[in-house]
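Chemist: Mapping of the sequence shown onto our numbering: residues 110 to 183, in sequence order.
By construction, these hints were calculated from the structure, which means they are not laboratory data. Keep in mind it's a predicted model, so treat the numbers as computed, not measured. All clues stand as given, with none of them false.
Derived CB-CB ranges, DEER-like:
#1 Leu151 / Ala173: 25 to 35 Å
#2 Thr176 / Cys155: 13 to 23 Å
#3 Val150 / Ala173: 24 to 34 Å
#4 Val135 / Met175: 40 to 50 Å
#5 Glu174 / Pro133: 47 to 57 Å
#6 Ile156 / Gln180: 16 to 26 Å
#7 Gln180 / Gln131: 45 to 55 Å
#8 Thr144 / Leu179: 33 to 43 Å
#9 Ala173 / Gly138: 39 to 49 Å
#10 Leu182 / Leu151: 29 to 39 Å
#11 Leu183 / Leu160: 20 to 30 Å
#12 Trp136 / Gly171: 44 to 54 Å
#13 Lys132 / Thr166: 42 to 52 Å
Using N, Cα and C, we set each Cβ at its ideal position, and we do this for glycine too.
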Amino acid sequence: MSYLQLRTERLVVDAVDRRIPQKPSVWDGVVSIVTNPDLLVLTAICIIGLLFSLVVTLAVPGFAEMTETLQQLL
Numbered sequence: 110m111s112y113l114q115l116r117t118e119r120l121v122v123d124a125v126d127r128r129i130p131q132k133p134s135v136w137d138g139v140v141s142i143v144t145n146p147d148l149l150v151l152t153a154i155c156i157i158g159l160l161f162s163l164v165v166t167l168a169v170p171g172f173a174e175m176t177e178t179l180q181q182l183l
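Work out the full structure: start from the sequences and follow the hints.
Modeler: So this is what it looks like as structure tokens:
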């Protein structure tokens, strides 16, 4: 008569295993927001617009008076 040998195994869960849902930290949320491609493009467009406005303001003499006149008309 042969005896059936049962082998018991323990499941060792590694905390780094990405298959197990983990609660994201605040830092993970900040990194995901900052690295969003849409945000990066929008930020680049806003910076370009700000620099263009600054260059036009400094390059065109009397630009402030022209904008005041336009604001009074609107």
